[in-house]
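Visitor: Here are the chains, one letter per residue:
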Amino acid sequence: MQQHKVLILFFHPRFENSKANKVLLEALLAEPEFSVCDLYELYPDFNIDVKAEQAKLLSHEIIVWMHPFYWYSCPPLMKQWIDLVLAFHWAYGPGGDFLKGKKILNVITSGGGFDAYQHGGRNRFTYREYLIPFEQTATLCNMQYLPPFIVPGAPRLEAENLKNYAVQLVGVLKMLGSGSLNFEALQQHDYLNAITTTH
Amino acid sequence: MEGGILGNALVFLGISLLTVPISKRLGIGSVLGYLIGGVLIGPYILGFIGHEGEDIMHAAEFGVVMMLFVIGLELNPASFWKMRKSIVGMGLSQMLASTALIFGLLMFAFPLHWTASIALSLSLAMSSTAIVLQILKEKNLGRTEAGISSFSILLFQDIAVIPILAIIPLLATAPVISNAANSHTNWVEQLDAPYSTLVILAAVAGVLVAGKFLITPMLRWLAKAYMRELFTAATLFIVIGVAWLMEKVGISAALGTFIAGLMLANSEFRHELETDIEPFKGVLLGLFFTAVGSTINFELIAASALPLFSFVFGLMLIKGAVLYAIAKVFKLRLDQQFFLALLLSQVGEFAFVLLTTIGQYRLLDKGQIDFFMAAVTLSMVVSPVLLFLFERFVSRRLNNRAAVEPKAFDHIDEHHSVVMAGFGHFGNTLGRFLRANGVSATILDNDSDRVAFLGKMGFKVFYGDATRLDLLHTAGLKEAKVFISTLDDPEKNRELAETVRSHFPHVRIFMRSRNRSDAYELIDLDVPHIYRESLHTSVQMGVDVLEKLGFRKYTATRKAAEFIRYDEAALSKLASKRRGSSSSYIDSVREEIAMQERLLQEDDLFLSDSNDHAWDRS
Chain X
381 MQQHKVLILF
391 FHPRFENSKA
401 NKVLLEALLA
411 EPEFSVCDLY
421 ELYPDFNIDV
431 KAEQAKLLSH
441 EIIVWMHPFY
451 WYSCPPLMKQ
461 WIDLVLAFHW
471 AYGPGGDFLK
481 GKKILNVITS
491 GGGFDAYQHG
501 GRNRFTYREY
511 LIPFEQTATL
521 CNMQYLPPFI
531 VPGAPRLEAE
541 NLKNYAVQLV
551 GVLKMLGSGS
561 LNFEALQQHD
571 YLNAITTTH
Chain W
109 MEGGILGNAL
119 VFLGISLLTV
129 PISKRLGIGS
139 VLGYLIGGVL
149 IGPYILGFIG
159 HEGEDIMHAA
169 EFGVVMMLFV
179 IGLELNPASF
189 WKMRKSIVGM
199 GLSQMLASTA
209 LIFGLLMFAF
219 PLHWTASIAL
229 SLSLAMSSTA
239 IVLQILKEKN
249 LGRTEAGISS
259 FSILLFQDIA
269 VIPILAIIPL
279 LATAPVISNA
289 ANSHTNWVEQ
299 LDAPYSTLVI
309 LAAVAGVLVA
319 GKFLITPMLR
329 WLAKAYMREL
339 FTAATLFIVI
349 GVAWLMEKVG
359 ISAALGTFIA
369 GLMLANSEFR
379 HELETDIEPF
389 KGVLLGLFFT
399 AVGSTINFEL
409 IAASALPLFS
419 FVFGLMLIKG
429 AVLYAIAKVF
439 KLRLDQQFFL
449 ALLLSQVGEF
459 AFVLLTTIGQ
469 YRLLDKGQID
479 FFMAAVTLSM
489 VVSPVLLFLF
499 ERFVSRRLNN
509 RAAVEPKAFD
519 HIDEHHSVVM
529 AGFGHFGNTL
539 GRFLRANGVS
549 ATILDNDSDR
559 VAFLGKMGFK
569 VFYGDATRLD
579 LLHTAGLKEA
589 KVFISTLDDP
599 EKNRELAETV
609 RSHFPHVRIF
619 MRSRNRSDAY
629 ELIDLDVPHI
639 YRESLHTSVQ
649 MGVDVLEKLG
659 FRKYTATRKA
669 AEFIRYDEAA
679 LSKLASKRRG
689 SSSSYIDSVR
699 EEIAMQERLL
709 QEDDLFLSDS
719 NDHAWDRS
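Going line by line, the protein sequences match chains X and W.
Under our numbering, the final residue of the first sequence carries the number 579; numbering is consecutive throughout.
Under our numbering, the final residue of the second sequence carries the number 726; numbering is consecutive throughout.
Next up, chain X with everything else stripped away, as it sits in the complex (with noise of 0.2 angstroms):
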């Protein structure tokens, strides 16, 4: 049972070259409920139709931002993105309340692990607090951001691990979807990697 529209905003500069992403979107894209946009793909020139993606983000409940992790943030389309959709007026700012109340969350493809990605590790802070300009973007557009989906190590990862992570992505996705987790009580973790997935 869909109650919440689930749109899935991918962005991935070298999407030919990259492994664990081919697996991730494949997955996505076999379940017809999910809308898949693959921006880079849509915007090679950086060209971004503001119009046809704010229609977009009001007809779906729960947005997916779906990137590598380069350089410890995201892909410069997703910035684009961000600089040029979210406008004042619309989704921040007097008048701006059009995203109010919509879930929102980063799906992201790490090079490091969550070992890298801590107090005293190689990174030296973890996602969340990586991830804190997005977390307070979606902040200031009202939105409810959702903890991470992360899939470190990508890079190395194996086929069958790859698929597993894919499989586990899927269903969190549909259970967000289907208003089978409570919103509220997710705020307790602070990675969805948490949630384990029953078919």
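Treat the hints as calculated values from the structure; they're not laboratory data.
From the three backbone atoms N, C-alpha and C, an ideal C-beta is built for every residue, glycine too.
The reader is advised that the hints may include incorrect statements.
What the hints assert, rightly or not - Incomplete in silico selection of chain X near chain W, CB under 10 angstroms:
#1 423
#2 457
#3 550
To be verified - Per label pair, the in silico range of CB-to-CB distance:
#4 W:132 x X:425: 45 to 51 angstroms
#5 X:426 x W:676: 17 to 23 angstroms
#6 W:599 x X:463: 47 to 53 angstroms
#7 X:481 x W:676: 50 to 56 angstroms
#8 W:633 x X:416: 49 to 55 angstroms
#9 X:426 x W:625: 31 to 37 angstroms
#10 X:463 x W:709: 58 to 64 angstroms
#11 W:670 x X:463: 23 to 29 angstroms
Chain X is already provided as a structure; the job is to place chain W on it using the hints.
Guide: Okay, now just chain W, sitting in the frame of chain X:
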């Protein structure tokens, strides 16, 4: 000078080499240059040419024949058929009205028999195809209203020569001067009336059929021999052959070759035929104009100056007035009405032929013929001068008044910091883009229809050839920041680059170039911004093809941007290598191939993906 054929050729060609470039530089057009050259070498100034000028003139009339062949080639039967209304409508009314009025003038001013007056007025109603088409071509005005109209009228006149030639004998009262003296002996004259018509029809039909079933297969067969000069010979053979046949049956050779050209217009050899005949045509026409200049009889002019000049004045006034009225009836625009009236106000080369015939039938005596010959020549000299004056002083005022006045359009920049030459397909897109961003360029264009239209649309637009310095001044290039040329003619662009750089050094020049080698030339001239018209479009096409083949769009787009940057770098790199080398033709052809090779080698380096480390494989 009694130099025989070589000497004469030397004189004729030499004087044109001198006077034509000068007249082109002065902006008065090549026709006047040739005519002045002819006057200079004629018996009254330098005396290089005596009375053989007349013979040379007759020989060079063949240039007109070739010209009509080319016109036929460019026209093709379908568009000829489309023009039938204007050909008959404008042409017939011009011939009838002019003939009637000139007849009145002749009857009023000269003690002539009415039969002579009719023959004369028919001859004098003709205009000069050679002069008019040369002028239209040079000024690139063939596609304007006046250009197309004059073309229709001329075509009708060229056709009308046939019945006129047929009428003259009927008007003759005295017996014909022996035909033996006449080189135009033809078979038809010896036949009875119904047979002669049949022979003429058969000849025309013969040309039509030959064009389709004989000439094209012959050309195909010749093309297999892969010898360029054979083709040139074949082209000359066709033109001369048709001309000869037509003269034999007593139709104008010009008309015959026109029909032949028309028939060959749809054949695959059209362009070859055209380029082969072009140099002969050009040289012969030049020769014809020069010869006309050299035959001007100044003695006669001096002796009867007053009657001659007043007659020419009256004649051209009548012809001009008739044309003006026709232009008005057919609703041409104001400036085009004047232009048409002046353009066709002279008497044409066919009058020479007709006057000779009239002389043979003794409708006029020798002195009278000489008088009218002089009048014809004089009108041919005067009309280019009038046209030049009109264009210089009147036409632009008429156009620009229509163009500049209307509508206070909301320009963000009243000073028009951009001046743009040419508003064809390329310029049109560019101009619209600039205007969409609030930049209204001042436009220079030499299509007066387009100028009028753009003026109505609120563009600031000037009519004329952009390479003219005075026009650039009028357009306000002094106050401009940017000059754009959207012309594709490398000659014009080179001229523009030089003119703008030396007279307006503060202006940035942006230029379109057709291809790589044109771009090299512009680089040599230090033009800073060069846009090869095919580069971006073809790369963009490549992007879309790659995408269809499964490439990621963004990757293809990045590669395209990189490729364009690389290609422009390669362009300037190879241009500097090219500059130092020798420039003989063979060398430059060899060099062109070497350049292509180098280009492909550099491409190989570009293609290797190894330098692209952006983004890992997550």
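Visitor: State for each hint whether it applies.
Guide: Against the structure, the hints come out as follows:
no., hint, verdict
1, 423, "8 angstroms, holds"
2, 457, "8 angstroms, holds"
3, 550, "19 angstroms, violated"
4, W:132 x X:425: 45 to 51 angstroms, "47 angstroms, holds"
5, X:426 x W:676: 17 to 23 angstroms, "21 angstroms, holds"
6, W:599 x X:463: 47 to 53 angstroms, "49 angstroms, holds"
7, X:481 x W:676: 50 to 56 angstroms, "51 angstroms, holds"
8, W:633 x X:416: 49 to 55 angstroms, "54 angstroms, holds"
9, X:426 x W:625: 31 to 37 angstroms, "35 angstroms, holds"
10, X:463 x W:709: 58 to 64 angstroms, "42 angstroms, violated"
11, W:670 x X:463: 23 to 29 angstroms, "25 angstroms, holds"
Going through the hint list in order, the structure does not satisfy hints 3 and 10.
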